[in-house]
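Asks: Sequence:
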Amino acid sequence: MLRPLSFLALAAVATSASAASFDCARARSPDEKAVCASRALNDADVKMATLYALDLRFVPMGGRDHLHDEQRAFLTARKACTTDRACLGRLYTRRIATLQAIIDTRVYPHGPF
Numbered sequence: 001m002l003r004p005l006s007f008l009a010l011a012a013v014a015t016s017a018s019a020a021s022f023d024c025a026r027a028r029s030p031d032e033k034a035v036c037a038s039r040a041l042n043d044a045d046v047k048m049a050t051l052y053a054l055d056l057r058f059v060p061m062g063g064r065d066h067l068h069d070e071q072r073a074f075l076t077a078r079k080a081c082t083t084d085r086a087c088l089g090r091l092y093t094r095r096i097a098t099l100q101a102i103i104d105t106r107v108y109p110h111g112p113f
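Everything in the sequence shown is counted per the UniProt record's numbering, starting at 1 for the first residue and increasing by one.
No lab work stands behind these hints, which were simulated from the structure alone. Beta carbons are placed, not taken as given, at the ideal position from N, Cα and C, and that holds for glycine. Treat the hints with care, since some could be wrong.
[To be verified] Pairwise CB distance ranges (calculated):
#1 Pro60 - Ala25: 35 to 43 Å
#2 Gly63 - Arg39: 30 to 38 Å
#3 Ser29 - Glu70: 17 to 25 Å
From just these sequences and the hints, can you work out the full model?
Replies: What follows is the structure in structure tokens.
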């Protein structure tokens with residue numbers, strides 16, 4: 001079950017974005033094309049990007065560099081998956097869980113929301 005804050009953020013994105021977090025018309029690499037060709041991967045990409053943007057606001061400045069480094073590592077791993085949808089799906093699942101955990105441990109304990 002989505003937490004209220006995540007739900008609101010995802011709802012806002014869902015109304016304004018029907019594509020991946022990047023421009024699918026400009027997708028060049030095999031991993032980007034695979035994400036654009038799959039509704040499930042596309043949705044996962046939007047969710048991951050939304051959580052990443054939220055997390056950047058929630059972590060202190062010293063933690064942002066680490067978050068950026070993790071995101072670059074995710075993008076490198078995504079590129080290594082090429083067109084393997086199972087690989088991409090597993091990667092997105094792990095990344096989304098990691099980003100959601102930041103919200104769950106750093107934001108919600110300081111509620112109420």
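Asks: For every hint, state whether the structure bears it out.
Replies: Against the structure, the hints:
The beta-carbon spacing between Pro60 and Ala25, approximately 36 Å, falls within the hinted interval of 35 to 43 Å. Distance hint check: the CB atoms of Gly63 and Arg39 are about 33 Å apart, consistent with the given range 30 to 38 Å. Roughly 20 Å separates the CB atoms of Ser29 and Glu70, a value that falls within the hinted 17 to 25 Å.
Hint check: no violations occur; every hint is consistent with the structure.
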